[in-house]
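> From first to last, the protein sequence lines are chains A and B. For the first sequence, the UniProt record's numbering gives the first residue as 1, with consecutive numbering after it. For the second sequence, the UniProt record's numbering gives the first residue as 1, with consecutive numbering after it.
Just so you know, not all the hints are guaranteed correct.
As the list claims (entries may be wrong) - Dumping the calculated SDA-like pairs for lysine to any residue here, alpha-carbon to alpha-carbon at most 25 Å:
#1 A:LYS286 / A:ASP390
#2 A:LYS286 / A:TYR414
#3 B:LYS286 / B:GLU102
#4 B:LYS289 / B:THR412
#5 A:LYS289 / A:GLU407
#6 B:LYS289 / B:VAL421
#7 B:LYS289 / B:ASP411
#8 B:LYS286 / B:ASP411
#9 A:LYS286 / A:VAL473
#10 B:LYS289 / A:VAL473
#11 A:LYS289 / B:GLU102
#12 B:LYS289 / B:ALA19
#13 B:LYS286 / A:TYR414
#14 B:LYS286 / A:VAL58
#15 B:LYS289 / B:SER203
#16 B:LYS289 / B:VAL94
#17 A:LYS286 / A:GLN239
#18 B:LYS289 / B:ASP236
#19 B:LYS286 / B:PRO428
#20 B:LYS286 / B:ALA24
#21 A:LYS289 / B:ARG346
#22 B:LYS289 / A:GLU120
#23 B:LYS289 / A:ASP521
#24 A:LYS286 / A:PHE69
#25 B:LYS289 / B:ARG346
#26 B:LYS286 / A:VAL473
#27 A:LYS286 / B:VAL58
#28 A:LYS289 / B:VAL58
#29 A:LYS289 / A:GLY127
#30 A:LYS289 / A:THR336
Everything labelled a hint here was simulated from the structure, so no lab data went into it.
2 protein chains.
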Amino acid sequence: MRKEFRDLAPPEAAHEAIASLDLAAGTEEIPLRDARGRVLAERVDAALDVPGFDRATVDGYAVRARDTFGADEADPAVLDLAGVVHAGTEPDVVVGEGECAEISTGAVLPEGANAVVMVERTSERDGAIEIRTGVAPGDRVMFAGADVAAGERALGPGTRLTPREIGLLSALGVEEVPVRATPTVGIVSTGDELVRPGEPLSSAAGEIYDVNSYTIATGVEEAGGEAVLYPHAGDDYDQMERLLVRAAEECDLVLSSGSTSASAVDVIYRVVEEQGELLLHGVAVKPGKPMLVGRLERSAYVGLPGYPVSALTIFSTFVAPAIRRAAGVPEPAAATVEGRMATRERYAEGRLRLMPVGLVESGPTRSVRDGDDGDDGADGAGETLVYPVDKGSGATTSLVEADGIVEMHPDTGYLDAGERVEVRLFSPDVRTPALFAVGEDDPALSRMLDRVDRPRFIAFGSREGLRRLRNGVPDVAVTTTGGAPGFETVELGSWTREWGLVVPAGNPDGVTDLADLVDRDLRFVNRTSASGLRTSLTAALADLAEERGASRHDLVDGIDGFEAGVRAHESPARKVLAGDADVGLGLRATAARLDVDFVPVGTETVRAFSTPDRAEKPAVRALAAAIDDGDAFDDLPGYEG
Amino acid sequence: MRKEFRDLAPPEAAHEAIASLDLAAGTEEIPLRDARGRVLAERVDAALDVPGFDRATVDGYAVRARDTFGADEADPAVLDLAGVVHAGTEPDVVVGEGECAEISTGAVLPEGANAVVMVERTSERDGAIEIRTGVAPGDRVMFAGADVAAGERALGPGTRLTPREIGLLSALGVEEVPVRATPTVGIVSTGDELVRPGEPLSSAAGEIYDVNSYTIATGVEEAGGEAVLYPHAGDDYDQMERLLVRAAEECDLVLSSGSTSASAVDVIYRVVEEQGELLLHGVAVKPGKPMLVGRLERSAYVGLPGYPVSALTIFSTFVAPAIRRAAGVPEPAAATVEGRMATRERYAEGRLRLMPVGLVESGPTRSVRDGDDGDDGADGAGETLVYPVDKGSGATTSLVEADGIVEMHPDTGYLDAGERVEVRLFSPDVRTPALFAVGEDDPALSRMLDRVDRPRFIAFGSREGLRRLRNGVPDVAVTTTGGAPGFETVELGSWTREWGLVVPAGNPDGVTDLADLVDRDLRFVNRTSASGLRTSLTAALADLAEERGASRHDLVDGIDGFEAGVRAHESPARKVLAGDADVGLGLRATAARLDVDFVPVGTETVRAFSTPDRAEKPAVRALAAAIDDGDAFDDLPGYEG
């Protein structure tokens, strides 16, 4: 039976259901040395005075203040030296009238003395000490308990332990601190097709690497929990039950995640209903509708959606706050940023949308209409622009192409370009990319990006890259379409690359030119139509057709595999390498890298364009410098700067 | 010989000297699972396609698209079921013309099929499948490499690994990632008087707990380094040399810290000069003048000042950025906050001042003059006010009474009240306290503060507390001085506490009232004059003097220990408990807590006041609620709400 989710709960009900599970993991005593980032479970009062004794605050001489009254440079008091007190030793001297004792910073003020004269205001003469200033009782002395006194409140419950709190607790001699225990979170990934990273993978058997286990485990740790990974389970009821029950016995919270298959969800659903209690199934959010909340034995349970971006989105929206509450850790200050929508975004689906968005900094010049306050961009750093990441949620790459989430409420309708939005980042360590480039995939470009701080590049292809640049979202478009785009741009630089036909090592079919591709029965792998390489190929075929007085269409029809196309620049060559094709469209540099043969057809120019409002961004200038510098072309056959 | 520091280097020279030491720790390969927060050392390109096969994106039926052309609800296509393909298995079916195969989300598209119809648009009838919609080739299929293609740039060097990057690397099956190695930082604390927290302490021998080692170690870890603690060293040259050389051999950077004694600094200075190279001694900053930068064997070396706040300040200003650079970790986004000066602060010492400051939130109503933009406080949350923490840098409590550092440049002269400043927090986890209360130390108050989120309380005493409240910095003053203050306040609530004379258990001297204190030869411990308790005592003595027709002065003169005074409310009772005094000024509650006897003298009222602009802050209201609620008085003898 395939279960359909009906009666979707409102998102607030999901928050409440998770809160009702009460993850609080209790208290534990841990060594102070390991307490960084932890949260005090109870108040710590000082158990001792700091300092524990009257203490000299300078190097100098311990004196009876009365003996120095009236002393000055012209008329020093002369005192007999009764002894020496070092820091960390018990004084073996008593300072009598007319006497003094040499004393180090931090040393115990000896009996009889009630003040210290700093060494700079003293001189030794004939074994006696000249004191060239008068001091009052208590001068240059820190009295016992003056810093912290026994019985005083030192730190309250809920205090996050940063270096300074660790310092205060050190001063109090605390060895072990009572902290909120770390909630343990078990992660059970489901799906027969999942393989843990590092293990061998069979694509023929439909296996894929398990993305959610490590992603969510890392998110759990970031939220202050301890993640426990369990082996993944298939759709078998008994196996799933054993795993979930074991995780529930060992952890405060169990998360299941991984499979998108309805049958696995069905199995989990049954296990939770039979071994615990299901509080909620299905939430009115996009993505993440099929979310489960319940109880398994004495543990809390949340079922996350299977797609990676959906899983991380639902985790960070609903689960991470509960883990932080249990750990006593506040939401990180850097967890959200404010920005303005770079484009208008419509929405009308009647449920909360957790919209994955990317961030980009505007140039020092505004690219979005001015708002009503003068704060942003005042320092010339630009403001944060926010754009929806429109890939399907099944794409793993959305994980790194989006920076966070904007919540669009069901009644929003649309967000206007320029409208202020708050973005909840996928991690407080996420930063706005310093460069957002789009366009043609290119190995030299990839090397150039290594020289730019925090770049983002998305290989949309040449034409789509230019279209997006015109729409004002990215900083840079990289294109092979030739010539200047039909809107105002700044050319950052260009280079050329040799393209042609990639064939197996040794060129077993003896391919010599494009005519062989048209005239012979060869299995060909093309690029997708977004690719500038395909445009170059099509143009070359048009030339050949003209030469022959034929139509391009007829020529193309004769090529087995021309219409389909693979997305990335190495993919055709890899198909050739794997023996799945006889000829692939590609670059000389790729053929060299993969050790296959290459039949040259032409050379195309790759150009990088920015727009006037972005061209002065430091990262854009860094890319221009990397193009100009030409290091990226070293050992890259067929490239010229 | 005591060395004086001359020719102070400018702070920029200190930054440069540390940068010239080049801490970079190299590269290491670590398991992906442990890579959270680490920084990629090199680019990671995809080594495989994701997915590795053409994959169904829904549960449904794999079909040849052509077989569904023209199908709709009214006129479904009817296909024979050729088999089933589960996720994670190799298809054992080929879809021929007029056939379909049941397929799960994520399963391999079987040979022959080129599209998937979602299950919701199908029905089973008599063993055959009705397809109620037409699909195009590629519908509901994610092609191999569509997400990530082998050879594509996945993540660049310098990328911080947060959950989403861990997710992408999981998808690529990466087992070990090349990351920037963690710089190891050895910490050698110096000073014979230091004892590590948790070990027994002899105050008589002038021992104190080592504050800097754990504080700085925690700071090192926060900056992305690994801290290694070494035993602390005294002033002995050979011992110091052995320790420093060992640390230099084992670590990328050695920090010395701890002792404030000039002789220990001299010894270190000599070791560095003889075993390495001293690049810089003495920097024109306050605090932290006696800073050393150099090289010890092949390790970098920085000598930090001894006082905890100075050590943390110099560490966070000069050393932490170098550790972050070496680890490849950016400065945390939450490491600085903007605020306005709450008071005017003068400075004219000709060197950079790293001024420790506290933070407090203004109320929704502005308490500082309006600035030139309308951004702050627009949401009613108030703005961040910044005030100097004026304790001596020797005080450990400054660590938690200050939140960060404002840099005042040598030519600043003054910072005006209301002026915008940037505060570098002592840790990105430091938050602005939600409540800043000052005034009279009180055990019931301490319990009430436990019920307020992020409170700060400083026991300045009653009168000083009121004075500071009037000056507009704290939110609340707690006072026993009686009646309303002479400025506009909001009373949050009040309670009473019984005070009197604390005597040893069993009251061996048979003290019965205040007259005994005046008339008999008893060693007395008073509170400091800032304390409201002392004010109550003085008033009671005045009453007694009047009764007797004597002057208060005469009565006071007869009390051994009246003039001196200890700072904290439990301190006199603790002196009595320790046998150092016969009578102490204190509370009934304190006597009960410490199991000593109590002779009642009077009852005083403790009042909490806020100001109109702060009274509505949530934390101020929480304190008022805690006073009103009265739980804090449970089991606290002598208290009444």
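> Hint by hint, say whether it matches the structure.
Status of the hints after comparison with the structure:
Distance hint between LYS286 of chain A and ASP390 of chain A is fulfilled; the C-alpha atoms sit about 13 Å from each other, no more than 25 Å. For the hint pairing LYS286 of chain A with TYR414 of chain A, the CA-to-CA distance comes to about 15 Å; that is within 25 Å, so the pair holds. Note on LYS286 of chain B and GLU102 of chain B: the hinted pairing is violated, with a Cα-Cα distance of about 75 Å set against a maximum of 25 Å. Restraint check: the Cα-Cα separation between LYS289 of chain B and THR412 of chain B comes to about 19 Å, which is no more than 25 Å; the hinted pair holds.
For the hint linking LYS289 of chain A to GLU407 of chain A, the alpha-carbon distance of about 15 Å falls within 25 Å, and the restraint holds. The straight-line distance between the Cα atoms of LYS289 of chain B and VAL421 of chain B is roughly 23 Å, inside the 25 Å bound, and the hint therefore holds. Taking the CA atoms of LYS289 of chain B and ASP411 of chain B, the gap is near 18 Å; set against the 25 Å cutoff, the hint holds. With a C-alpha separation of about 14 Å, the suggested pair LYS286 of chain B and ASP411 of chain B falls inside the 25 Å cut-off, and the hint holds.
A C-alpha spacing of about 24 Å is found between LYS286 of chain A and VAL473 of chain A, which places the hinted pair at or below 25 Å, so the restraint holds. Restraint check for LYS289 of chain B and VAL473 of chain A: not satisfied, since their Cα atoms lie roughly 49 Å apart, outside the 25 Å limit. Only pairs whose Cα atoms come within 25 Å are accepted, and LYS289 of chain A paired with GLU102 of chain B is accepted, the gap being roughly 24 Å. Distance hint between LYS289 of chain B and ALA19 of chain B is fulfilled; the C-alpha atoms sit about 19 Å from each other, no more than 25 Å.
Pair hint LYS286 of chain B plus TYR414 of chain A does not hold up; C-alpha atoms about 54 Å apart against a cutoff of 25 Å. Under the criterion of a C-alpha separation no larger than 25 Å, the hint pairing LYS286 of chain B with VAL58 of chain A is consistent with the structure, at around 17 Å. Note on LYS289 of chain B and SER203 of chain B: the hinted pairing is violated, with a Cα-Cα distance of about 29 Å set against a maximum of 25 Å. Proposed proximity of LYS289 of chain B and VAL94 of chain B is contradicted: the alpha carbons are some 80 Å apart, above 25 Å.
Our distance criterion of 25 Å between C-alpha atoms is broken by LYS286 of chain A and GLN239 of chain A, whose separation comes to about 30 Å. The straight-line distance between the Cα atoms of LYS289 of chain B and ASP236 of chain B is roughly 23 Å, inside the 25 Å bound, and the hint therefore holds. Of the supplied pair hints, the one linking LYS286 of chain B and PRO428 of chain B holds, its CA atoms being roughly 23 Å apart against a limit of 25 Å. For the suggested pair LYS286 of chain B and ALA24 of chain B, the alpha carbons sit about 29 Å apart, so the restraint of at most 25 Å is broken.
Taking the CA atoms of LYS289 of chain A and ARG346 of chain B, the gap is about 59 Å. The hint is violated against a cut of 25 Å. At roughly 17 Å between alpha-carbon atoms, LYS289 of chain B and GLU120 of chain A fall within 25 Å of each other, so this suggested pair holds. Under the criterion of a C-alpha separation no larger than 25 Å, the hint pairing LYS289 of chain B with ASP521 of chain A is inconsistent with the structure, at around 81 Å. Using a Cα cut-off of 25 Å, the hinted pair LYS286 of chain A and PHE69 of chain A is violated, with the two alpha carbons roughly 81 Å apart.
Of the pairs offered as hints, the one joining LYS289 of chain B and ARG346 of chain B holds, with about 20 Å between alpha carbons and a cut-off of 25 Å not exceeded. Simply put, LYS286 of chain B and VAL473 of chain A have alpha-carbon atoms about 46 Å apart, too far for the 25 Å limit, and the pair is violated. The suggested pairing of LYS286 of chain A with VAL58 of chain B holds, with an alpha-carbon distance near 17 Å, which does not exceed 25 Å. Simply put, LYS289 of chain A and VAL58 of chain B have alpha-carbon atoms about 15 Å apart, close enough for the 25 Å limit, and the pair holds.
Between LYS289 of chain A and GLY127 of chain A the CA atoms are separated by roughly 88 Å; this puts the pair beyond 25 Å, and the hint is violated. A hinted pair counts as satisfied when its Cα atoms are at most 25 Å apart, and LYS289 of chain A with THR336 of chain A qualifies at roughly 24 Å.
When held up to the earlier numbered hints, the structure conflicts with 3, 10, 13, 15, 16, 17, 20, 21, 23, 24, 26 and 29 and fits the remainder.
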